[in-house]
Amino acid sequence: MPSYWVSKVFPLTNSVYFLSKRKQKFFLHPMNELCKNIGGYLAEIDSRDEQNFVAGFIKAHTKRFAFIGANDVRREGTFVYYNSKTPVPALKWCPGEPDNFLNSEDCVEFWSSCLNDLNCGYIGQYICELRLKRPDMFN
Numbered sequence: 001m002p003s004y005w006v007s008k009v010f011p012l013t014n015s016v017y018f019l020s021k022r023k024q025k026f027f028l029h030p031m032n033e034l035c036k037n038i039g040g041y042l043a044e045i046d047s048r049d050e051q052n053f054v055a056g057f058i059k060a061h062t063k064r065f066a067f068i069g070a071n072d073v074r075r076e077g078t079f080v081y082y083n084s085k086t087p088v089p090a091l092k093w094c095p096g097e098p099d100n101f102l103n104s105e106d107c108v109e110f111w112s113s114c115l116n117d118l119n120c121g122y123i124g125q126y127i128c129e130l131r132l133k134r135p136d137m138f139n
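The sequence shown begins at 1 in the UniProt record's numbering and counts up one residue at a time.
Keep in mind that the hints are not guaranteed to be accurate.
[Unchecked claim] Here are the computed lysine to aspartate or glutamate pairs in the EDC-like style, where the Cα-Cα straight-line distance is at most 20 Å:
(1) K85 with E33
(2) K92 with E50
(3) K92 with D72
(4) K25 with D72
(5) K92 with D49
No lab work stands behind these hints: they were computed from the structure.
Full structure from sequences and hints, please.
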């Protein structure tokens, strides 16, 4: 594993999260491709428990924020995940968010323990998810 990642396993979903140590301009497709290089995809948060876990992981390794795979590029206000194209569930947004400030915020970041919409192309870190295969108990 390259040294520019830090990782942690979330046992409830059997996923490993990889936080980039590098800060760079965030764009959905190129960052998702970097996640694919390690066998994953831009993080898709499916529950409040998962959101709390990922928020704690991010806080432990950066004082800023980290982008995930949620976006509303195709339809303003309708957030979906870049990789799976599934709707983003009801998660904890920061107060007043999402607000599409200046009609230009289509990507989503973790800010502290809540979500915020932000410009794609902003410089920051991002988080990948790798879903581990569960062992087949019956074979």
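To see whether the hints hold, each was checked on the structure:
no.: 1; hint: K85 with E33; in the structure: 15 Å, holds
no.: 2; hint: K92 with E50; in the structure: 11 Å, holds
no.: 3; hint: K92 with D72; in the structure: 16 Å, holds
no.: 4; hint: K25 with D72; in the structure: 18 Å, holds
no.: 5; hint: K92 with D49; in the structure: 11 Å, holds
The structure is consistent with each of the numbered hints, conforming to all of them.
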